[in-house]
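*Asks:* If you want the building blocks of each chain, they are given just below.
2 protein chains.
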Amino acid sequence: MDFTEDTAVTAVKDSIAPGTDPRVAELVGGLVEHLHAYVREVRPTVEEWNTAIGFLTAVGQKCDDTRQEFVLLSDVLGVSMLVETINGQETGTESTVLGPFHMTESPRREIGDTIDLMSDGGGDCVMDLRVLDAAGTPLPGAEVDIWQCTADGFYDVQQPDVQPPGNGRGLFRSDDDGRVRFRTVVPSHYPVPTDGPVGGLLGALGRHAYRPAHVHVIARAEGHRELTTHLFVAGSSYIDSDAVFAVKKSLVVDFERVEAPEVAARYGVEGPFRLARYDVVLDAATPGA
Amino acid sequence: MDFTEDTAVTAVKDSIAPGTDPRVAELVGGLVEHLHAYVREVRPTVEEWNTAIGFLTAVGQKCDDTRQEFVLLSDVLGVSMLVETINGQETGTESTVLGPFHMTESPRREIGDTIDLMSDGGGDCVMDLRVLDAAGTPLPGAEVDIWQCTADGFYDVQQPDVQPPGNGRGLFRSDDDGRVRFRTVVPSHYPVPTDGPVGGLLGALGRHAYRPAHVHVIARAEGHRELTTHLFVAGSSYIDSDAVFAVKKSLVVDFERVEAPEVAARYGVEGPFRLARYDVVLDAATPGA
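Quick mapping for you: the protein sequence lines, in order, are chains A and B. Residues in the first sequence are numbered from 1 upward in steps of one, following full-length UniProt numbering. Residues in the second sequence are numbered from 1 upward in steps of one, following full-length UniProt numbering.
Next up, chain A with everything else stripped away, as it sits in the complex (with noise of 0.2 Å):
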């Protein structure tokens, strides 16, 4: 049978071999489904498939060890999003993107501890959080691991001649009632890398870059379905138009002024400060359990 528009599909599909990994089979046999649809859909040039080989040859170039080109290529696309949102809790917090700047080993801090290493007397802000199991009940010994850009929108990976390693990381584990609590300084919004071939594409597509402000999660517990998230600043810039999707109301936390001395004094700092409070909630393990 001669490949067609109408056959190419199944020429592709009946290639593989019956004995494949199923799951594998499925896999690749969508991705021929749905990628010839779209190429019969939208029937570019020879010229533009060209343009879309040497795009995808270019993001896969500019991968290093840190940088990973396909992930933000996926993010843009929005694709990054909606495994997370497939993959998420079914009751519990809300899920989002790792995004790319968890690539070092968060170091471990006790509770009350700051994470940030640059201003004196360990930021003006204090993030309070609980972890707890769908029910409410509060889950002790759980572990937090904590990552966040500074004020001036950079991760300590991205400035290891300003920022000493460590610098927005912790991994904590939560006291008796659940409770992680640390100081910190409230994080800017920040653009996605744009020196590379997917800021090229943004350009063209009349996109901006830029994220707004966020503090990563992710909360694990025995028994627990580990959650990947982030608490994004409510107000920030670009709240409503993250270049990566990833906001979610739900995860939107007013990180509020306050300027009574005896919550000050409640949360062991000094003057006016900024307070952020949120309840992480985890899905048991096994659905339904």
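Please keep in mind that the hints were generated in silico from the structure rather than gathered at the bench. Heads up, some of the hints might be wrong.
Derived lysine-lysine pairs resembling DSBU-like cross-links, with alpha carbons at most 30 Å apart [stated by the list, open to error]:
no.	chain 1	residue 1	chain 2	residue 2
1	B	Lys13	A	Lys248
2	B	Lys13	A	Lys249
3	B	Lys248	A	Lys13
4	B	Lys249	A	Lys13
Dock chain B against the given chain A, drawing on the hints supplied.
*Replies:* Just chain B, lined up with the frame of chain A:
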């Protein structure tokens, strides 16, 4: 509006600025629609998506000046052939993929020359082509670019220490009867490169990597559409299972064995030889003209 499976496509497409080049918006918007539909259907785990990202990154990093692994990926998924089919001629000779070995300029040769620089006497095969318009009128002065592998299945660029540059290649101009005639060897079937990630994919799918024997042809004549195609050797191994899906029945040519001395004499060769005759038909440059 929150990012959900249902709102994801709209969210990404709405991020494309109004002033964007309409064709770019169509190509990217369509990609988002089909890629998201694929993800919603196969529902990859985060781990599976990371595997896909790693695979694409490896494909990009395998590319260099003499290797285009993304073209190979497009080839083995049948996409290159689909793009070629969509852009093919209307009534003339059918097109097929360019392939990765048209990377050097073919040396200019005269009618009757050999493109086989390896064997004494110029090879045991004669190709006798005619370039015609859609009405069957010969096209004199047409440019015909030919490249093929050896009887061992290697192109000159793959064996720089064995083959002289330009072996198996020739750029001809058709004579007053639209004819292009040259000597060569009958090419062999051969595998696409399997030492990269695409080879790994073929392995995971239980697919072989072979292409049936073929001679590449690009033909161009003033006022006509340029044609990129292959002529396949009838009876070749893998003629029914080309790893890149490039075979079309109309492109399979009998390389007949000729014993008759008087026919050999007419073609200027001695003894038994193989003779392949084919009419290359070019559409007018302007459809319907």
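*Asks:* Take the hints in turn and mark each one as holding or not.
*Replies:* Status of each hint after checking the structure:
1. B:Lys13 <-> A:Lys248: holds, 18 Å
2. B:Lys13 <-> A:Lys249: Measuring from Cα to Cα gives roughly 20 Å; hence the hint holds.
3. B:Lys248 <-> A:Lys13: Distance of about 18 Å is within 30 Å: holds.
4. B:Lys249 <-> A:Lys13: holds, 20 Å
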